[in-house]
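Colleague: One letter stands for each residue in the lines below.
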Amino acid sequence: MTALTQAAPTQAKQRAQRRHMSDGALVRLFIFPTLIILILWNVFPLFYSLYLSFTRYSVIANRAPEWIGFSNYTAILSRPTFWQSFATTGVYALLSVGLQTVLGFSLAMLLRQKFKGSGFITTLTLIPMMLSPVVVGMFWKLIYNPSYGIFNFLLNPTNPRLATDMLANPVSAMLAVVIVDVWMWTPFVMLLCLSGLNAIPDYLYEAAAIDRASAWFQFRRITLPQVAPLLLIAVLFRTIEAIKAFDLMMGLTGGGPGKSTETVSIALYRLAFSGQFNTGQASALAYIVLIIIICISNVYIRYLNKLRGE
Amino acid sequence: MTATTPRPTFEQSGPRLPVVESIRVDRVHPRARIAGSVRATLAIILSLISLIPVFWIVLTAFKTPTDVTAIPPKLIFEPSLTGFVSLLSDMRLLSQAEQEERSQQPDLSWVDQIALQIGRAINGPSQYARQLGNSVIIAGTSTLLSVVLGLLSAYAFSRFNIPAKGDLLFFILSTRMLPPVVVTIPIFLMYRSIGLHDTHFGLIMLYTVFNLSFSVWLLKGFIDEIPREYEEAALVDGYTRLQTFFRIVIPQARTGIAATTVFCLIFAWNEYAFALMLTTQNARTAPPSIPSILGSGGIEWNTIAAGALLFLIPVVIVTFALRQHLLRGVTFGAVRK
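Note that the protein sequences, when read in sequence, are chains A and B.
In terms of my numbering, the first sequence opens at residue 1 and continues consecutively.
In terms of my numbering, the second sequence opens at residue 1 and continues consecutively.
Please keep in mind that the hints were generated in silico from the structure rather than gathered at the bench.
Some hints could be false.
[As the list claims (entries may be wrong)] Facing chain A, according to a computed beta carbon distance under 8 Å, are these residues of chain B, among others:
id, residue
1, Leu42
2, Pro53
3, Val54
4, Pro73
5, Tyr155
6, Ile162
7, Thr175
8, Val181
9, Val183
10, Ile187
11, Ile304
12, Ala305
13, Ala308
14, Leu310
15, Ile313
16, Phe320
[Stated by the list, open to error] Derived Cβ-Cβ restraints for the label pairs, each shown as a range:
id, chain 1, residue 1, chain 2, residue 2, range
17, B, Pro125, A, Gly258, 35 to 41 Å
18, B, Thr255, A, Val102, 29 to 35 Å
19, A, Gly69, B, Arg92, 56 to 62 Å
[To be verified] Which chain B residues stay away from chain A? Per the calculated CB distances, all over 12 Å, these:
id, residue
20, Ser95
21, Val111
22, Asn134
23, Gly140
24, His200
25, Ile226
C-beta: ideal position from N, C-alpha, C; glycine also.
Input sequences plus hints: build the corresponding full structure.
Modeller: Okay, structure coming up:
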């Protein structure tokens, strides 16, 4: 009897151990392919380009990379055109993310209460963000066309040519890009706000109504704080994307007129893949962009954690 | 005695202080109802305005070049397929005499007739047809790969204790935050030295890597929601881990897999920067080639619109099929409804 009761646990333990072992093998089998290709295609290139950023090198020159220390970084940081492209990216990010936040949140407030067909309407508004930015940019060129585009026609139906040619001067070209980006991505902010709004428990509003709180007070003290974390996630995602912005400008303006819509990504592309093919400097610029994105994400994530902690 | 006493009515047992006003939550005030319908109308109008560009792409795709550049813009016109035909075929201009001769031929196919309307003859399929084919191959294969690999890793991350799990997951996520342009330079050099530049395989692997981070995160969220008890019960019944994975987890994660597949497909389908910088001819996909569709006489907008429309239709269908999962997909699985 005692032998039996002792045998059973050891057997079970053994079996468990055997299963545990095979679990370990299974985990390795399941995870390693992913990790290996991520390392090959992401980690290796990152280190490689870090190395290149300290060298003088061009992909078209038949010469080995030559170590020059921080020269690439100082060269970039001392060149006004790069500061200009950073400024352009900043203005673009600020304008488009700002507008998207305000519009997206307002739209979410409109669509908050379900009505007949509201689900269908919500889905329809989501179509723009699933489209390819470069194709969208290309097509908006036709919409902005000063003589036969519908944008100017809708602005001034009697004589569309009197309205400004959106893509011809620096300020309006930036505005044109921002409009397209806002058109594409406001639905994204709206979607997140909507899910935040739907998650607010009704009893908060009921309690506020019983306390006879004003609508404004309810909005300030219930709606806004409850939606804030999700709104912040939306803003974080959009800011990162805006800093990465490339496709849309390439389709719509190609960075022009002049350099007025040349974001960092486009400057980087030009530096790396046209003219001099200055691979070393382009790598340095790429690293600067990378560090900026990491810093911004960290600030947001800190703030988000603080919001959630409260 | 107590049994016969009538229950106290609300008036008798109510609050000590007199209620001056009451707030009814079960009936909607007429003002609120009007506000609701105003909101609904406003929402419908705004979303219709936001659809004008999409609507305009559809209209332009069916116009002839002359209708596209008409002033004022035409809303009503005779639909034509010239845009699609010139998009998908390589054409040459016909002289006046050739045109007349061709129009006499009785056995012209409908495609040839459309080409003839704009004074051209068809030589064969165009580059775009090929590029669209490349898009299908590359997006399809990379999606399959990233979903399969993602599913395996997501399951392992969801169910087992893995050392430094949080760090690994964050590492996987961070690979997606890099701007494509940053990654392209070293990838370009790497591909050039090992002969993967402008190959289908090179682009497929790159898209797979970019989508993997996404598919791991999204699928992990879906698998986390499947109760572990199912698998435990199966394990007790003598299934092996691998069997539970195939017979329990995969069927339970079906919707998650479907949603992930489609989001990966959309990314790979729409991707532009990598394709622009890492392909030239052989493996070029549709997005970098749509802006370079140029007709003989300047930009043929109807052709571009046709290209865009052909390219957008799958995405629009998918948007509707996916509306339940959109939120999760676009936020990397971070937010669920």
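Colleague: Confirm or reject each hint.
Modeller: Hint-by-hint comparison with the structure:
| no. | hint | verdict |
| --- | --- | --- |
| 1 | Leu42 | holds (6 Å) |
| 2 | Pro53 | holds (6 Å) |
| 3 | Val54 | holds (6 Å) |
| 4 | Pro73 | holds (5 Å) |
| 5 | Tyr155 | holds (6 Å) |
| 6 | Ile162 | holds (6 Å) |
| 7 | Thr175 | holds (5 Å) |
| 8 | Val181 | holds (5 Å) |
| 9 | Val183 | holds (6 Å) |
| 10 | Ile187 | holds (5 Å) |
| 11 | Ile304 | holds (6 Å) |
| 12 | Ala305 | holds (7 Å) |
| 13 | Ala308 | holds (5 Å) |
| 14 | Leu310 | violated (10 Å) |
| 15 | Ile313 | violated (11 Å) |
| 16 | Phe320 | holds (6 Å) |
| 17 | Pro125(B) to Gly258(A): 35 to 41 Å | holds (39 Å) |
| 18 | Thr255(B) to Val102(A): 29 to 35 Å | holds (34 Å) |
| 19 | Gly69(A) to Arg92(B): 56 to 62 Å | holds (57 Å) |
| 20 | Ser95 | holds (29 Å) |
| 21 | Val111 | holds (24 Å) |
| 22 | Asn134 | holds (15 Å) |
| 23 | Gly140 | holds (16 Å) |
| 24 | His200 | holds (16 Å) |
| 25 | Ile226 | holds (16 Å) |
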